[in-house]
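Make the full structure from the sequences, and use the hints.
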Amino acid sequence: MRPDRGAVCDMLAEYGALIDMAKFDEWLDLFAEECRYQIIPRENFDRGLPAGLVFCDSRAMLEDRIRALREANKYNIHTDRHVVGLPRVFEDGLALEAPFAVFQTNQEGETRLFATGLYRDRLEILGQRLKIRDKLVLLDTFAVPSLLATPL
Amino acid sequence: MATVTAAIWPALDYSRVPYRLYHDAEIYTREQERIFRGPVWSYLGLDSEIPEPGDFRATWVGETPVIFNRDKSGSVKAFVNRCAHRGALVRRELSGNADEHICIYHQWCYGLDGSLTAIPFRRGIRGKGGLDPTFEMRRHGLRPLRVGNINGALFGTLSEDAEPLEDFLGPPILAQLRRLLDRPVRVLGYNRQRIRGNWKLYAENTRDNYHASLLHEFLVTFGLDRSTQTGGVKMDARHRHNITWAEADSDTDEFAHQAYAGAGVRNDFLSLKAPSLVAFRPERDDKLNLVVTSVFPSAVFVQISNSLAVRQIRPRGVDEVEVFQTMLGYEDDPPEMTLHRLRQTNLVGPAGLVSMEDGEAIEIVHRASRPDPERTTVIELGGGGVISDRDYRVTDVPLRGFWSYYAELLGIEPEGAVR
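Residue numbers (the numbering used here), protein chains in the order written: chain A, 71 to 222; chain B, 30 to 448.
By construction, these hints were calculated from the structure, which means they are not laboratory data. Some hints could be false.
[To be verified] Below, a list of computed lysine-lysine pairs in the DSBU-like style, where the Cα atoms sit at most 30 Å apart:
(1) B/Lys263 x A/Lys144
(2) A/Lys93 x A/Lys144
(3) B/Lys302 x B/Lys316
(4) A/Lys144 x B/Lys302
(5) B/Lys302 x A/Lys93
(6) A/Lys93 x A/Lys201
(7) B/Lys302 x B/Lys263
(8) A/Lys201 x B/Lys302
Computed from a predicted structure; not experimentally measured.
Structure representation (structure tokens):
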């Protein structure tokens, strides 16, 4: 079954909104049981180098990331705003590419462009829902401003 | 330049550092001249990044753009990436392979040794224009750097006065670099971070043993590294460089609980769902699972568990620093070990579980210290006075070593100061 384009767009909208609202458990729930999540600087990707800023090759690692974010990590106090562009949907409707921008706003209301790049997702269908099996965040803004704590 | 003098230091043991040193544009200019273009060796990159003749990479020595490449004979050459003609960047790409370097502005052409080899319309057109016949091309090459190589780590200096690289590093640092680079390395990737703070705050941070398990709570909470482990700091004879080290499995949970609880610091230990993130696989016959080797002024060689990296501190004006990090594995790593290292890259870098906090810490110091240039930091963990190695971890003595050599190079070392 090929998912309709509307469902793919809804999933992407949900993805960004959940991070912006800091609802990380619900965000994790968008991923499949067996999944991969990577943030790779374009500089590495273009040279065929595998190292990323975030490299989670299992759901357990992704859950650990979120736990560390809550339990241990300290970072700049800010809110995120994801702006996810229209996706290009490929093949069986389960592969997509979507541009994104993430703006960060600090406590004093200053906003800066934090990151822009491309999502490359591979999805699967579980029951009535779309799940992310493999997400590659290809980061154009690989000179990371300050630090990267909350997921992109 | 006369406004900053040795009188700036309130204490001869460098236990007080005036905030002015992080914010003053005049001081920053002097640092570029006396430190980065002065008698130090700066990390350039890795031999393995330019394996073939003609391979080149762009790098920085302070704010000076530099190219290093491999010439046709196989030896590594480095020079300032700035055209002798009008001062343009000659090589704009960050890496590649070429037979020569040609400036786009007027197409002056340089060989892989940096020598000027061709100038368009050198004799003009129909005998008119061009350069005077007395113009000596050999005097207008790209400014060379002396290059040194320690097990594949390339260093360069712009100064005639720099001592030999091995002497500059000193035996303990040399031994650590040779240990980390005891086999050919493979680059797994790069990451970059722009921190809105002075570059010296980063240089201090890497020498600050005290902050590690307090700022980076992940270290203790998830059992990767605790100040209760056997460890310490070791410096070169001039105390400009530092090795922060710790041994794996050298304390007990019970002792660590007591120590952290007694200090009023959080001490509940949690476990990960994917514990390979913090699993240490010994790779040689020592127990070291944390070695942070800071080389004055701008290089840091890092082993945290099985993640290996070189960090280059790139000043970007008085108020900003870029940290450029090269993630490494060994060429002979089996695929499974490469995967283990890739997982542990999560620990370090701008998104690193035990490093992201540094970006925030540096920015909040830079922001809060700016308005009061005469006020100072307090550097007294491990005591004041003599600067020496310590076999314990609650110390920031190596920061005083950094400042001692900094003061010498800037020409602001007070009489009777500790070294």
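Task: Proposed proximity, A/Lys201 with A/Lys93 (alpha carbon, max 30 Å) - done: The given pair, whose Cα atoms are some 17 Å apart, holds under the 30 Å limit.
- [ ] For the pair we were handed, B/Lys302 and B/Lys316, check the Cα-Cα distance against 30 Å.
- [x] 25 Å, holds
Task: Given hint A/Lys93 paired with B/Lys302 - CA-CA distance at most 30 Å - done: Holds, at roughly 20 Å.
Open item on the list: Just to be careful, I want the Cα atoms of A/Lys144 and B/Lys302 compared with a cutoff of 30 Å; is the pair within it?
Closed with: 21 Å, holds
Open item on the list: With the threshold set at 30 Å, check whether the alpha-carbon distance from B/Lys263 to A/Lys144 stays at or below it.
Closed with: Roughly 29 Å separates the two Cα atoms, so the pair holds.
Task: Proposed proximity, B/Lys302 with A/Lys201 (alpha carbon, max 30 Å) - done: Given that 30 Å is the threshold and the Cα spacing comes to 21 Å, the pair holds.
Task: Restraint check for B/Lys302 with B/Lys263, where alpha carbons must lie at most 30 Å apart - done: Roughly 35 Å between the alpha carbons, so the hint for B/Lys302 and B/Lys263 is violated.
TODO: Mind checking the alpha carbons of A/Lys93 and A/Lys144 for me, to see if they're no more than 30 Å apart?
DONE: Holds, at roughly 18 Å.
Comparing the model with each earlier hint shows a violation of hint 7 alone; every other hint is respected.
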